[in-house]
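Chain order of the listed sequences is A and B.
Convert by adding 10 to the 1-based position in the first sequence; the result is the number in this note's numbering.
Convert by adding 2 to the 1-based position in the second sequence; the result is the number in this note's numbering.
If you are wondering where the hints come from, they were derived from the structure by calculation, not from laboratory data.
Some hints here could point you the wrong way.
Only pairs whose alpha carbons sit at most 25 Å apart, straight line, appear in this in silico DSS-like list of lysine-lysine [to be verified]:
#1 A:Lys245 - B:Lys275
#2 B:Lys118 - A:Lys208
#3 A:Lys27 - A:Lys179
#4 B:Lys199 - A:Lys208
#5 A:Lys31 - A:Lys59
#6 B:Lys275 - A:Lys78
#7 A:Lys117 - A:Lys179
#8 A:Lys27 - B:Lys60
#9 B:Lys268 - A:Lys243
#10 A:Lys27 - B:Lys265
#11 B:Lys265 - B:Lys359
#12 A:Lys78 - B:Lys271
#13 A:Lys27 - B:Lys271
#14 B:Lys265 - A:Lys208
#15 B:Lys275 - A:Lys243
#16 B:Lys271 - A:Lys245
#17 A:Lys27 - B:Lys49
#18 B:Lys49 - A:Lys211
#19 B:Lys46 - A:Lys155
#20 A:Lys59 - B:Lys46
#21 A:Lys188 - B:Lys49
#22 A:Lys243 - B:Lys265
#23 B:Lys60 - A:Lys208
#24 B:Lys60 - B:Lys49
#25 A:Lys59 - B:Lys49
Each chain, letter by letter, is given below.
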Amino acid sequence: MNIVVCLKQVPDTNEVKIDPKTGTLIREGVPSIINPDDKNALEESLRLKDEHGAHVTVISMGPPQAEKALREALAMGADEAILVSDRAFAGADTLATSHALAATLSKLDYDVVFAGRQAIDGDTAQVGPEIAEHLNLAQITYVEKVDIIKGGLKVRRAWEDGYENIEVKTPVLLTAIKELNEPRYMNIKNIYDMFQNKEVKVWNATDIGADVALLGLKGSPTKVKKSMTKEPKGKGELVQLPANEAALYVVSKLKENHFI
Amino acid sequence: MNFTLTKEQEFVKQMVREFTINEVEPIAAEIDRTERFPMETVEKMAKYHMLGIPFATKYGGAGGDNLSYIIAIEEVSKACGTTGVILSGHTSLCVGPLDMFGTEEQKMKYMVPLAKGEKIGAFGLTEPNAGTDASEQQTTAILDGDNYILNGSKIFITNGGVAETFIIFAMTDKSKGTRGITAFIVEKSFEGFSVGKLEDKLGIRASSTTELVFTNCIVPKENMLGKEGKGFGIAMKTLDAGRIGIAAQALGIAEGALDEAVKYMKERKQFGKPLAAFQGLQWMVAELDVKIEAAKLLVYKAAANKDAGIPYTVEAARAKLFASEVAMEVTTKAVQIFGGYGYTKEYPVERMMRDAKITEIYEGTSQVQKMVIAGNLLK
């Protein structure tokens, strides 16, 4: 089975601060990490590899420094890594990004494309589904369990208040949520082996054969009109009561403050 | 001169830091309180090839370098000194001498499972009457046909109660003094071997520090490590390397304590402002920061020398002397910064202070390190 994992290098938003004047992220000195949901997608692919045998390729669209995230994926156990990097991709919104990744995928063999649900910097959850649409693939989002069955996969898709079990034929695109698994660490032996024996291939816009008009800023219909920073709220009050008493307490507080 | 870590070393540091935050730090207080050996942590370290970092892959190692291994000890020790010494005792004191002095057969049989972390290793040199003066070995090994028969006991053995393979030193010829000491590879299952009393310690309480007892213990002749009469040199060379590990443990404990103190200074308010706003305390942490950085350079230099294949005996002694004293100073002052809270088990700094003290004592006291350094100056 061939699995391709799409991953993104993101700033660790736990460490990010927002410039109150410009409303933009202050990225300086903030460590870059593999987007957490993408790491769950990678872990599940590596688990399937360990248990059933599979070839796991990781791909990422990003600047040259995103190589580090791909190297980390190799040290966790991925077999191959491709960085899709070109100035033509700069300024891409989710649509342009999904075109670049779909074009990359069309150059690869895959049975399963595994992405994270959403990235912690943009929080859109759009790129995975968009890739599936471009490639005419079945897609299952919010995946919290995967089993291999004859001819395809049995997948559990999380709902807010339950789940659904879906059997699907490959090829298929899945998006992972954190409930799917607990990602492994890099393996120290793999770290040395990877730097000695594995390279991160770099593909540019020509290599992936994409329509340049669909890439980067040109291919991005999203325009940011305005961004603002939420006023920080004061510390809330934590009250631990049985549900019925808690409801009464909330009502009394709402009355006290003349909301009702 | 290059002070930049290699990409491999950076990745190892990141991996061990993540491992420490998720696996080591959450149980550090509990295992200290209950003196419970963290076997689950050791099993996880084995899975990620953390128990044989600097050794060749053909001998079960991760194929890494010594500085990466030292960084790994430093990172785990930031949260837990016990875990630091489990890693260091196993790697430097048991797998290390097998790597340096073992025959190909001994490496295949003993080093491979140890470096893979399938078994835990330990080192037995210290005896009730042979501490700093390790030449006063009273454990004897008498050749009897194809076996040596060992009698005597060892004390204060790190990983004693959990190890399956031991590097043990014994007198094969008392008349020759230090030239009569020989090293042996002893398995836990050998007839006549037993684990004695578990020590109740001030710090590193979850590490298994025990007595080892040899009562007509039968050790096959082929388990002699190195040549007969060469054991003292093997012990000293092993300890040279081990000291870099202990220095890294001390460094990690110091860094962990300063991190805690800095965090607390930003949160804790007195006289209407955070502790971080008081210059007296600012200067205190600034001084500690410089000492930690100086200790780190000494520790890394000793490790880098070992990687470069150049002498490191004096470098290791300097690193251990300085880093352990810095650890003691930083942890003591961290407790001071925390005030009354620091003296309680609600915060980790009192544990760090207790863990730090041993680094001035084991694998050569501070006084022994000074003997090594002065001996080199005055030779």
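How the hints compare with the structure:
Between A:Lys245 and B:Lys275 the CA atoms are separated by roughly 19 Å; this keeps the pair inside 25 Å, and the hint holds. Taken as a hint, the B:Lys118 and A:Lys208 pair is honoured in the structure, with Cα atoms around 23 Å apart against an allowance of 25 Å. With a C-alpha separation of about 44 Å, the suggested pairing of A:Lys27 with A:Lys179 is violated against the 25 Å cut-off. For the proposed pair B:Lys199 and A:Lys208, the alpha carbon gap of about 50 Å is over 25 Å, so the pair is violated.
Between A:Lys31 and A:Lys59, the direct Cα distance comes to roughly 48 Å. Violation of the 25 Å bound is thereby established for this hinted pair. Proposed proximity of B:Lys275 and A:Lys78 is contradicted: the alpha carbons are some 41 Å apart, above 25 Å. A threshold of 25 Å between alpha carbons decides the hint, and for A:Lys117 with A:Lys179 the separation of about 21 Å falls inside it, so the pair holds. Distance check on the hinted pair: A:Lys27 and B:Lys60 sit about 47 Å apart at the alpha-carbon level, beyond 25 Å; violated.
Between B:Lys268 and A:Lys243 the CA atoms are separated by roughly 21 Å; this keeps the pair inside 25 Å, and the hint holds. Among the hinted pairs, A:Lys27 with B:Lys265 is consistent with the structure: their alpha-carbon atoms are about 18 Å apart, no more than 25 Å. Among the hinted pairs, B:Lys265 with B:Lys359 is consistent with the structure: their alpha-carbon atoms are about 23 Å apart, no more than 25 Å. Simply put, A:Lys78 and B:Lys271 have alpha-carbon atoms about 40 Å apart, too far for the 25 Å limit, and the pair is violated.
Straight-line distance between C-alpha atoms of A:Lys27 and B:Lys271 comes to about 24 Å, which keeps the hinted pair within the 25 Å bound. With a C-alpha separation of about 40 Å, the suggested pair B:Lys265 and A:Lys208 falls outside the 25 Å cut-off, and the hint is violated. Taken as a hint, the B:Lys275 and A:Lys243 pair is honoured in the structure, with Cα atoms around 22 Å apart against an allowance of 25 Å. Among the hinted pairs, B:Lys271 with A:Lys245 is consistent with the structure: their alpha-carbon atoms are about 18 Å apart, no more than 25 Å.
Between A:Lys27 and B:Lys49 the alpha-carbon distance is near 36 Å, which puts this suggested pair outside the 25 Å criterion. For a cut-off of 25 Å, the pair hint linking B:Lys49 to A:Lys211 is broken: about 29 Å separates their Cα positions. Taking the CA atoms of B:Lys46 and A:Lys155, the gap is about 24 Å. The hint holds against a cut of 25 Å. For the suggested pair A:Lys59 and B:Lys46, the alpha carbons sit about 20 Å apart, so the restraint of at most 25 Å is met.
At most 25 Å may separate the alpha-carbon atoms for a hinted pair to count; A:Lys188 and B:Lys49 meet this at roughly 23 Å. As the CA atoms of A:Lys243 and B:Lys265 are separated by approximately 23 Å, the hinted pair is consistent with the 25 Å bound. A hinted pair counts as satisfied when its Cα atoms are at most 25 Å apart, and B:Lys60 with A:Lys208 qualifies at roughly 19 Å. Restraint check for B:Lys60 and B:Lys49: the C-alpha separation of about 17 Å stays at or below 25 Å, so the hint holds.
For the hint linking A:Lys59 to B:Lys49, the alpha-carbon distance of about 17 Å falls within 25 Å, and the restraint holds.
Checked against the numbered hints given earlier, this structure breaks hints 3, 4, 5, 6, 8, 12, 14, 17 and 18; the rest are met.
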